[in-house]
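Residue numbering for the sequence shown follows the numbering used here, beginning at 1 and increasing consecutively.
Be a bit skeptical, because a hint or two may be false.
[Unchecked claim] Computed spacing ranges between beta-carbons, pair by pair: (1) 209 with 182: 35 to 41 angstroms; (2) 135 with 217: 23 to 29 angstroms; (3) 76 with 100: 38 to 44 angstroms; (4) 42 with 163: 30 to 36 angstroms; (5) 192 with 114: 19 to 25 angstroms; (6) 82 with 4: 21 to 27 angstroms; (7) 65 with 156: 15 to 21 angstroms; (8) 220 with 194: 38 to 44 angstroms; (9) 133 with 167: 26 to 32 angstroms; (10) 8 with 182: 20 to 26 angstroms; (11) 31 with 100: 36 to 42 angstroms; (12) 82 with 193: 30 to 36 angstroms.
The hints are simulated quantities; they were obtained by calculation from the structure and are not laboratory data.
Note that beta-carbon positions come from the ideal geometry of N, C-alpha and C, so glycine has one too.
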Amino acid sequence: MGRSALLILADGRFPAGGHAHSGGAEQAVVAGRIRDARDLADFCLGRLHTTGLTSAALAATAALGADLRVLDEAADARTPSPALRAAARKLGRQLMRAARATWPCPELDALATALPRGAHQPVVLGVTARAAGLGAGDAAHCVAYETVSGPAGAAVRLLGLNPFEATAVLARLAPEMDRVADKAVAAAAEAARHGLDRLPATSAPLLDIAAQAHAARPVRLFAS
1 MGRSALLILA
11 DGRFPAGGHA
21 HSGGAEQAVV
31 AGRIRDARDL
41 ADFCLGRLHT
51 TGLTSAALAA
61 TAALGADLRV
71 LDEAADARTP
81 SPALRAAARK
91 LGRQLMRAAR
101 ATWPCPELDA
111 LATALPRGAH
121 QPVVLGVTAR
131 AAGLGAGDAA
141 HCVAYETVSG
151 PAGAAVRLLG
161 LNPFEATAVL
171 ARLAPEMDRV
181 ADKAVAAAAE
191 AARHGLDRLP
201 ATSAPLLDIA
211 AQAHAARPVR
221 LFAS
């Protein structure tokens, strides 16, 4: 069941709202930083090793059974951009609805009650992984994949990029996704032993700045 559940959770058709978000790709296209598949690969690689690692570690920690309210505070502290905090909580609410319908469990219900405005999406994803019978490594891999698949899918729509080229970018990044997921699981295990301060806080200031600029744009295709 584990492998199939992971495929369902990572599937872009899972109704968790991710299709409405570009992971910063839209603003990068507007700013001229993503123009082709090579730029997309560079953007995804940077996102993967910064915000992707942090989010994957948060999800893995949630999957290990951490105190979820405290973990959500840790996620907030690692998200300096107000626009990205709002997007993370919106995605968390949407994922929560889908997860409770797909894998009902008391832990999801308790988190929804404790944080009615929505927990950060990686926190919800980690709990969802537990509900689906998955482990910390599965949660981390799921986050690593969505960290790059979201921008790749958005680039196809924003640039008219050949979908084959976008998929090839993801395939070439597969070893890096594995490395980031492994680092995230190791960090989650360290946090379980020594406290949440051991979680990574890798950031990408340009993504934070771009997120604020994107939120202020009157016309945009993606929510973030």
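Hint check results:
Hint check: residue 209 to residue 182, Cβ distance near 30 angstroms, so the stated range 35 to 41 angstroms is violated. Distance hint check for residue 135 and residue 217: the Cβ-Cβ separation is about 39 angstroms, which falls outside the suggested range of 23 to 29 angstroms. With their beta carbons about 22 angstroms apart, residue 76 and residue 100 fall outside the hinted range of 38 to 44 angstroms. A hinted range of 30 to 36 angstroms for the beta carbons of residue 42 and residue 163 is inconsistent with their spacing of about 19 angstroms.
At roughly 20 angstroms, the beta-carbon separation of residue 192 and residue 114 lies within the given 19 to 25 angstroms, and the hint holds. For residue 82 and residue 4, the hinted distance range of 21 to 27 angstroms is not satisfied, since their beta carbons lie about 38 angstroms from each other. Checking the proposed 15 to 21 angstroms range against residue 65 and residue 156 shows it is violated: the Cβ atoms sit about 37 angstroms from each other. A C-beta distance of roughly 41 angstroms is found between residue 220 and residue 194, which places it inside the suggested range of 38 to 44 angstroms.
The hint said 26 to 32 angstroms for the Cβ distance between residue 133 and residue 167, and at roughly 29 angstroms that hint holds. A beta carbon spacing of about 23 angstroms between residue 8 and residue 182 agrees with the range 20 to 26 angstroms that was offered as a hint. In this structure, residue 31 and residue 100 meet the distance hint of 36 to 42 angstroms, their C-beta atoms being roughly 38 angstroms apart. Judged by the Cβ atoms, the range 30 to 36 angstroms given for residue 82 and residue 193 holds: they are separated by roughly 33 angstroms.
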